[in-house]
Structure formats: C-alpha cells, structure tokens
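Novice: As they're listed, the protein sequences go chains A and B.
Numbering-wise, my numbering puts 346 at position 346 of the first sequence, and it's gapless, one number per residue.
Numbering-wise, my numbering puts 432 at position 432 of the second sequence, and it's gapless, one number per residue.
Calculated from the structure, these hints are not laboratory results.
Please note that the accuracy of each hint is not assured.
Given that identical chains are not distinguished, each listed pair holds provided it fits within a single copy or across any two copies.
[What the hints assert, rightly or not] Straight-line distance between alpha carbons at most 20 Å, and here's what the computed EDC-like set of lysine to aspartate or glutamate pairs gives: (1) 247 x 61; (2) 407 x 178; (3) 381 x 428; (4) 246 x 61; (5) 381 x 425; (6) 210 x 422; (7) 204 x 183; (8) 91 x 120; (9) 165 x 146; (10) 154 x 64; (11) 165 x 120; (12) 232 x 222; (13) 170 x 423; (14) 381 x 150; (15) 426 x 388; (16) 407 x 70; (17) 170 x 76.
Only a predicted model underlies this, so the values are computations on that prediction, with no experimental measurement involved.
There are 2 protein chains.
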Amino acid sequence: MKPRSVFITISKDITLNIFGYKVRNVNKMKLFRTLISWDNALKTVLAHAKQTEKETVHFDESVDRILAEDIQSPIDSPPFDRAAMDGYAIKGQNSFGATPNNTVLLKRTELAGESAKDVEICEGGYLPIQTGQPMPKGSNAVVMLEYTKESATKLEIYKPVTPGKNVSLKGEDVKKGERVLQEGKVLRAHDLGMLAALGKTRVKVHKRMKVGIFSTGDELSDPKNLAETEKKIADVNSYVLEALVKKIANPYRIGIFRDDYEKIKNAITTSLTLYDALLISGGSSVGKKDFIADAVGDLGVLLFHGVAIRPGEPTGFGIINKKPVFVLPGYPVATISAFEMLVRPFLYAAHGVKEDSRKLFAVTRKKIPSAVGRSDFVRVKLVCSEDEFYANPIRVSGSGILSSMTKSDGFVIIAENREGMEEGEKVEVSVWV
Amino acid sequence: MKPRSVFITISKDITLNIFGYKVRNVNKMKLFRTLISWDNALKTVLAHAKQTEKETVHFDESVDRILAEDIQSPIDSPPFDRAAMDGYAIKGQNSFGATPNNTVLLKRTELAGESAKDVEICEGGYLPIQTGQPMPKGSNAVVMLEYTKESATKLEIYKPVTPGKNVSLKGEDVKKGERVLQEGKVLRAHDLGMLAALGKTRVKVHKRMKVGIFSTGDELSDPKNLAETEKKIADVNSYVLEALVKKIANPYRIGIFRDDYEKIKNAITTSLTLYDALLISGGSSVGKKDFIADAVGDLGVLLFHGVAIRPGEPTGFGIINKKPVFVLPGYPVATISAFEMLVRPFLYAAHGVKEDSRKLFAVTRKKIPSAVGRSDFVRVKLVCSEDEFYANPIRVSGSGILSSMTKSDGFVIIAENREGMEEGEKVEVSVWV
C-alpha cells in the first residue's frame, strides 16, 4: 500500500519531497496539500505494527494482559460427576411418583469405607451429599433437602427428581482438550479463574511495548511547574498520552522539548535507542515551527503527514530504524482523536488484541453533520433510561474544546463517505476506557 | 431497614438465632429457609457502605481513581482569544466580497515590539498567525492559508471570512468558575488532560479501601502448589476476587483456611485488624461445614445469609467491629455473581462512584427463562454487526459452569418479579471490566 500523502519541507535546505502533487509555497509555511484518508492511514500504521514478543507470566499477574496462546484444557472440568446441590444422592428413577401425600421411602446405604466415593448406591438406597462432592457410584441425581425428611436411616421424598437432576457431569463445564481461551483475548478476572481451575498457572502473553512520549513547543510548560503568572501553556498531551498508553503498553513520559530542530532530532534518536515506539505531540501543524515531521523525514521515512480526520488532521507517521514514530497534533483534543483513530489500533495490533470490547451500538438522538471526504471523530454522551439508549453528540465549536471529551462517554466515527448521521440512525460507539 | 433473613447455627452449642421463622432441622444440616430478596440484600450492604476518606494525589496518579471533589475551573480556557487555524489574523469584515476573480488586498501590519500581541491591527491590516497564538488586538478572524496569497507585505484574499471565524474565544472551552468535573467521576485520561490544562495538579480522590480476601475449605489447594496427582480442588475464588477488587480498591489475598471453626474465627479477627472489609468465600452453603456464616454471627452480627439470586444464593453479609464482612459461595461462578450483584455495588458506594459506566442496552436474541421470586444473573455474549446489536444469553446447566463467564461479554440481571425475558426485549447489559 502506497501512502498518498505529501510531505514538503521548506526549511533552510529547501528539501522538497513531493510524491507527484502540486504544491504552493506561501510565506515559507508548509501546507498539507493532500490528506491521506483515515482508511489508508490506518492501513499504513497497521502494516507497521509488528507483534510484540511473547512472555510467560503467572496467571495471577495476567489481568488486562493479552493472551498470546490458545489455552486448551488439560483436564475435564468438573473432573468427576458431582453434586450441584446439597441433599441426597439417589437413583433418580427411585423417586418417581413421589408426592407430599404419597412419599417415596429410601434406605440409607451403609458406608463400607470412610468415604461415600467408595460405596455403591443400590436400588432404593441413598446417601447425604454436599454441593461439590463426587456422586457415589450408582447414584445419578440429587434430591434437595427441601423435598425430603430424613429420620435415622430412612429418607422420605416428597417430589420426584429425574436422573441427572442437580448433578454436574464430568466435563460439563470444559472437556479435556477443549479450547477455553483464545489467543488475543484481553484477560479478565473470570479468565484468571478459569486458568486457576484448570491448573494453568503460567500463561503466555504479549510483552508490553515500551512507548516513549514527549511534547514539543516553546509555549509549553509542565503543569506541575507552571506558575500562575506564567504566560505559558500547560503540557497536557504527554500526560494524556501516558494515561492512554498505560492501559495497553508501558509508557515513558520523557518531557517537553523546545522548538529546536537539532534538539528534537537528538531527542528522537536517543529515545529510539530506549523505546520500541515514539509518540511525539505538538508542532505537527503547518506552522513555521513544524519540526517533528521534518525530523522524522530526515532521520527515516515519513509515511504520511496529514490525515482526513477531524480533529487530528495534522497527524503523521514514520519509521526510523524500523521503529514506528507517531507525529501527533498540539491540541489535546486532536491528539486524543488521533490516538483513538490511529495509535490505539496500532497498539492493539502490536499486542495481538483480537476484539475491541469498547464497542456498542446506540441510536443517535440528533442529526450529526459531517463533510464528505473526511472522517469525523464525534464525542457522544450515552443516554440510558428504561425506554431509551441514545448517543447524544456533543456540540463543539473547535478542536480546542477539551470539555467535549470530559463531558462524553465515548465517540462515534463518521466515515468519510458519509454526509453525517441522521437522527434515529444506529451508530457504533466506542466507550472510553 | 430490617433484614428478613434467617440465620440458624446448629453446631456443637446448638445456637439458634431465628427471627420468627419456622425451621426444620434435618440431619444437622443448616437450611436457608427464607431467602432475602436481592433488593433487600442490596439495601442492607449499601446501608453499611461508609464512604472512604479523601486523599490528595497528583493529577497524573489519578487515572481510574474516583474524584472526591467538584472541580471548578480557576481560569478561562482558552485564557485569551486565539487562532484556531494557521493563516492570517484580520478584521473579518475587511475580507467581505472577496472572490478568486475579485480578491481583497490587505497590508501587513508592522510590528512595533517583538510580539504580535503588542500591536493592533488597524483597518485593512493583517498579520500571519499560527494555531494557538493569541489574536492580535483589533483582529477578529483568521483567514486560512489556502484562501490567500502573500507577496512581501501584501496579502491577497480569495474568500471572505466572517468575524469570529477560525478563532477560539476566551473561555470558549471552559469558563472561570464552571464545574468541569463532578465528584464521584471515575477519572479517565482526558479528565487528567483537563486537570493539567486548568493547572489543577493535585486533586482529592477517595482512598482505596483495603479489602482482605480468603477462601475456606479442606478440599482447596492453591493452584500454584497443586500437584497434578492431588485430588484437591484449585482455589479459584481468592484469585478471581483479587482481580475484581483490584480495579476499585486494594485487595489483600490472605490464602486458604481449612474448615476449622476456631481457626476461621481467628483468621477473621486478625484480618479485621488489618483490613477495612473482608470477602470470605467457600463454605457458605448449607452443608455441614458452613463455618463462615456461623463465625460472622458469633463475632458480630450476621445481617443476612441466603439471597434470592441465582447463582449466588448462599451469600451472606455481616458486620464485625463496624467492619463489613461478605460471606461468598464456594462455586466461582456463584462468587462472581454475588460479587457483581452485591460486592461491587458496595465498593462503588464506599468509593463514591456516581455512575456505572459498564452499562449498555441491547436486545435479547433468545427467550431467557427465569423464575419469579428470584433475581437471575444471566451471562450474555454481545453480537455486534452492522444490522444487529444483540445480547445472546449463554446456556448453562449449573452454577459450576465457569466457561459461561469466559465466553460472555457481560451479564443481564432478571428482576425477581419477572418470568424471564422475551426474545427481542431490550435489556440492560453490564459489560465485564
């Protein structure tokens, strides 16, 4: 797949990398002349999402990790027929016809050895049993305490049970050799339980990628050091990206770099010796100080810069020393949009995630306008009540509106071939995680 | 609210604690004679969910924590009118009437000081501007690069912009004093971003409760130590509970205790000196070795034991030294059900969670049968395709079927007054987290 993007560097050296598109040099500013479609941008990043290695971890450290092997059960579970209720193990057919007025009477089977497992229940016999205990030989049903009365070694039964009733059969939950968990599954609490139950105490998972994160911009300052009087802008992106990455991979927040071309190039080179991938935000628009895309192109190959998504248009992606580098917008909202539309799919692919569990369907409450030729990232609030399940688009006036994120429950993407969504249309919502 | 449960201890001491209900002593087994409704069980545990204390943390350590204060913005955001696009700051009205054939010509305003902020754009003037920069005095719109041509100090404009176009107005995102985040919100990446943007680098969150977890049962063995030949059952519950609790509070897995009444009592007493709450699983059914409920009643007050939920019926809850103790079933599936139906709501309430973001609505694909008088915990698989969004109930034959969990995406609760769900009915699904 060949990216259809244009990358133009008009710096000191007047390097022009133009893939067959007409460009116009206005006031030494770079221009996004042609935007790559979201679809193509996605294909490009996914083509470079090499799966991370596998590592073996203890099952109880595997929550939220992505399984890197299929798990076949080494055993039948349950390993034997067992009682599913407290009561009495009987031959079900012996209880047929029992009613409160016409009870069936059974005789307690005498225990030969110590355990009920060693005896056989013969015609007309019974033994008390607790949930989870193995069914004695010859028995095939458990009659619940409620429907019985025991006196000494006699059991009166008020209600019949069919053979098999209240019994968990061997292999009923999982059969030996059955695949219980599939490669690519994000492991949750009950999956750990399954691993424990089957005695699979060590599992292969995908190694978490080391992702370096930094922001660039003379105007930025770390919010932790930002004095109230200072006229700088808080660096939001590196913190947001750190929090987003943390759920999938291992983030390393490197800090803020000034708009200094050589320093940024050095920062990229050094970071790539330490991390598997880089997310760099700020300065990826078409202003004069757009050093990041230039630097990525200088150090490696810039595969695209400028994607037909909104917000997030000035997003770029390149490869340096075989390592992926994302160039993300300066605006936090645009960076979050670009993360969800391109970086998350990349990280999911690299970690072998098979299913995106964040997706659900709802009905739009309002018309959502969108331009053809651009994929829109629309923040929505889910409205859940007894009669309704709506996705309510949040009105925004610009890509700087961070409150559109904090007020929302998730987002809807409007494909570039769509002129918006109609009221009442069914839409796929990805909820924030 | 008075619990309607019955607690009967028929041990060595033949202690009978019966709240006005007829009981029948069969073969020295305890019986759940009357089950408390889920609704009442929930009210009971919530009545004892004392909110945890507040603590102040750095904003970047607050992901997934529950906000314990309302956040009002200390500033307008953006703090000044700023460019929302790269281009030229102009008086919008000066561009009126511009067309490609009849361009408007503006003259570059000369910079008096170093910065564009210090100058005023007068009638017919313009200045280049980048996204995010403050709008120069006198300007009210940004004309995008695409619709202009600059040569030396002259700017030709091809397309008019209305005043306000491509400008982010001061306070447009958030107004000073506006509440941006509400107490009880589970903080996500973009909320951190908002905190960073507003300079709120320290926030109050609810302290994570310390939850002690142990399993009981002679038949149990730690899956990590379980030899293949051993005829013991793997302790699944303490690991599952640890993983479930971890997302909300701090779990402490204590281990496995044998079915020894005194040892269990000691374990409870000791644990309660260390932790804020206890989850004890196993031995909570009506078998002969049901020591936990007895022990809770002995050491404190057992508020209920036996809830009309399925699975999870043998769930109990009590208070010892003002600390909550949950008595959970031995079967992992029943324990997960009891966790989701009672423990999670308790933990959410104790941590001040206001909204359960796991909920969505879907349509049932199959009829789901359920008995009146009992709340059913039905595992469902979500089926998402372009035309469908279904919740497909997973068929189970008993509460021991752990694979019903691992195959599902979440669960539906069928209220006790409902005789199941019809095919095509809208149901509320809680997805696994």
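Novice: Does each hint fit the structure? Answer for all of them.
Specialist: Consistency of the hints with the structure:
no.: 1; hint: 247 x 61; in the structure: both (14 Å within a copy, 13 Å between copies)
no.: 2; hint: 407 x 178; in the structure: between (44 Å within a copy, 13 Å between copies)
no.: 3; hint: 381 x 428; in the structure: both (13 Å within a copy, 17 Å between copies)
no.: 4; hint: 246 x 61; in the structure: both (16 Å within a copy, 11 Å between copies)
no.: 5; hint: 381 x 425; in the structure: within (15 Å within a copy, 23 Å between copies)
no.: 6; hint: 210 x 422; in the structure: neither (42 Å within a copy, 48 Å between copies)
no.: 7; hint: 204 x 183; in the structure: within (9 Å within a copy, 40 Å between copies)
no.: 8; hint: 91 x 120; in the structure: within (11 Å within a copy, 97 Å between copies)
no.: 9; hint: 165 x 146; in the structure: within (15 Å within a copy, 76 Å between copies)
no.: 10; hint: 154 x 64; in the structure: neither (53 Å within a copy, 58 Å between copies)
no.: 11; hint: 165 x 120; in the structure: within (18 Å within a copy, 87 Å between copies)
no.: 12; hint: 232 x 222; in the structure: within (9 Å within a copy, 56 Å between copies)
no.: 13; hint: 170 x 423; in the structure: neither (52 Å within a copy, 32 Å between copies)
no.: 14; hint: 381 x 150; in the structure: neither (59 Å within a copy, 43 Å between copies)
no.: 15; hint: 426 x 388; in the structure: both (13 Å within a copy, 9 Å between copies)
no.: 16; hint: 407 x 70; in the structure: between (39 Å within a copy, 14 Å between copies)
no.: 17; hint: 170 x 76; in the structure: within (6 Å within a copy, 66 Å between copies)
The earlier numbered hints that this structure contradicts are 6, 10, 13, 14.
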